[in-house]
Amino acid sequence: AQRVTQPEKLLSVFKGAPVELKCNYSYSGSPELFWYVQYSRQRLQLLLRHISRESIKGFTADLNKGETSFHLKKPFAQEEDSAMYYCALRHHNAGNMLTFGGGTRLMVKP
Amino acid sequence: EAQVTQNPRYLITVTGKKLTVTCSQNMNHEYMSWYRQDPGLGLRQIYYSMNVEVTDKGDVPEGYKVSRKEKRNFPLILESPSPNQTSLYFCASKRSTGELFFGEGSRLTVL
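These protein sequences, in sequence, are chains A and B. Residues in the first sequence are numbered from 69 upward in steps of one, following our numbering. Residues in the second sequence are numbered from 227 upward in steps of one, following our numbering.
Next up, chain B with everything else stripped away, as it sits in the complex (with noise of 0.2 angstroms):
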């Protein structure tokens, strides 16, 4: 089954303490891409991925870093997390037709 698999689901941590969402595709796609959703302000975009070692900043990628070492891969590190990144975040892959795929969310909160 094609999915975006992003882990965990459910963070809760604290400032300052350096975390990680994983994201996974088993599509082969090749761009790869973070966002994320919160009230009245929609979906931004933190960063994204046009193929393996390539990076590029979305609209909002202060506090984010990303790495792609592999296609099916692209993680989302914040070294040094704070309340305002308090947020539900999705990863999506790009269909060959140009549609996004998103996975689930993680829905993470930062104390």
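So that you can see chain A by itself, here it is in the shape it has in the complex (with noise of 0.2 angstroms):
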């Protein structure tokens, strides 16, 4: 079956420190990888996406097959940043639904 991890449920950080949010899945598939994030009183939306292969707000993820991850990293956080972030797996089934890992919230203090 397929799941997403996400094993912190809160990081904190200090600005302009390095950031690594951690995920983690099982698929017996080809995996296709999302992050998602929710700011503060605002909807959730798509963050960035692993066959884009493109920066976004400064974070980048990249699948490691080998390792089943898909963490989301930042070499110098904003407070701006502080958010919730969700790590997504499609399935490529006839649904190609998403399943959600549990979320990590990150907090960049000044």
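To be clear, the hints were calculated from the coordinates, so they are not data collected in a lab. There could be a bad hint or two in this list.
[As the list claims (entries may be wrong)] Keeping only pairs whose Cα atoms sit at most 30 angstroms apart, straight-line, the calculated DSBU-like set for lysine-lysine is:
1) A/Lys125 to A/Lys177
2) A/Lys77 to B/Lys320
3) A/Lys141 to B/Lys243
4) A/Lys177 to A/Lys141
5) A/Lys133 to B/Lys320
6) B/Lys291 to B/Lys244
7) B/Lys243 to B/Lys297
8) A/Lys125 to A/Lys77
9) A/Lys177 to A/Lys90
10) B/Lys283 to B/Lys295
11) B/Lys244 to B/Lys283
12) B/Lys320 to B/Lys297
13) B/Lys283 to A/Lys90
14) A/Lys141 to A/Lys83
15) B/Lys320 to A/Lys90
16) A/Lys125 to B/Lys320
17) B/Lys283 to B/Lys297
18) B/Lys283 to A/Lys77
Since each chain sits alone in its own frame, please combine them into the complex, following the hints.
As structure tokens, then:
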């Protein structure tokens, strides 16, 4: 069965420090992975997807099939990065469902 | 402006009193879905719909119903709400790129 695990519920770093939000997945097929972000009092929105291989707001994420991971990284955290982050796995079945991890709250302190 | 609109945004109700949370999207998306968000559990899919008159259960469908009579609307129905359905609910529709576009959420409290 597919599963997405985000081991850290809360991650607190100081401004300017590097940040890594961990995501591990289990899926028997070829995975398609996403990171979604939810800023305070805003709707969930897509941050990035692995097939795009892009950097959004300084964040990058590399799919590591050997380690079944899709960690989100940023070299220098900013206060405005404080938010809830969700890793998600897309199933390539009839429903094309997304399975979300439990989420990690990132707090960037001044 | 492209959007997914949910109503009500906040609701407090009592056990057993039927309620409906509406969801409407103006992007002509075929796929729509409902999620609930609970601390530590992330987002779990309740129901989804691939198109008009086509609905399927997600991971946690018990206690919920949905309908999809029109492409733009996908209401979530709680026939007899219970306290364990107290949660934050999100409706979403899917863009052609595959990403989900979410509504602002509906916070439901069942006493």
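Checked hints:
Only pairs whose Cα atoms come within 30 angstroms are accepted, and lysine 125 of chain A paired with lysine 177 of chain A is accepted, the gap being roughly 18 angstroms. Distance hint between lysine 77 of chain A and lysine 320 of chain B is fulfilled; the C-alpha atoms sit about 27 angstroms from each other, no more than 30 angstroms. Taking the CA atoms of lysine 141 of chain A and lysine 243 of chain B, the gap is near 45 angstroms; set against the 30 angstroms cutoff, the hint is violated. Only pairs whose Cα atoms come within 30 angstroms are accepted, and lysine 177 of chain A paired with lysine 141 of chain A is accepted, the gap being roughly 17 angstroms.
Using a Cα cut-off of 30 angstroms, the hinted pair lysine 133 of chain A and lysine 320 of chain B holds, with the two alpha carbons roughly 26 angstroms apart. For the hint linking lysine 291 of chain B to lysine 244 of chain B, the alpha-carbon distance of about 11 angstroms falls within 30 angstroms, and the restraint holds. At most 30 angstroms may separate the alpha-carbon atoms for a hinted pair to count; lysine 243 of chain B and lysine 297 of chain B meet this at roughly 27 angstroms. A hinted pair counts as satisfied when its Cα atoms are at most 30 angstroms apart, and lysine 125 of chain A with lysine 77 of chain A qualifies at roughly 22 angstroms.
As the CA atoms of lysine 177 of chain A and lysine 90 of chain A are separated by approximately 19 angstroms, the hinted pair is consistent with the 30 angstroms bound. Straight-line distance between C-alpha atoms of lysine 283 of chain B and lysine 295 of chain B comes to about 17 angstroms, which keeps the hinted pair within the 30 angstroms bound. Taking the CA atoms of lysine 244 of chain B and lysine 283 of chain B, the gap is near 20 angstroms; set against the 30 angstroms cutoff, the hint holds. As the CA atoms of lysine 320 of chain B and lysine 297 of chain B are separated by approximately 12 angstroms, the hinted pair is consistent with the 30 angstroms bound.
Between lysine 283 of chain B and lysine 90 of chain A, the direct Cα distance comes to roughly 29 angstroms. Compliance with the 30 angstroms bound is thereby established for this hinted pair. A distance of roughly 14 angstroms separates the Cα atoms of lysine 141 of chain A and lysine 83 of chain A; the hinted pair therefore holds under the 30 angstroms criterion. Note on lysine 320 of chain B and lysine 90 of chain A: the hinted pairing holds, with a Cα-Cα distance of about 25 angstroms set against a maximum of 30 angstroms. Our distance criterion of 30 angstroms between C-alpha atoms is met by lysine 125 of chain A and lysine 320 of chain B, whose separation comes to about 23 angstroms.
Distance hint between lysine 283 of chain B and lysine 297 of chain B is fulfilled; the C-alpha atoms sit about 18 angstroms from each other, no more than 30 angstroms. As the CA atoms of lysine 283 of chain B and lysine 77 of chain A are separated by approximately 28 angstroms, the hinted pair is consistent with the 30 angstroms bound.
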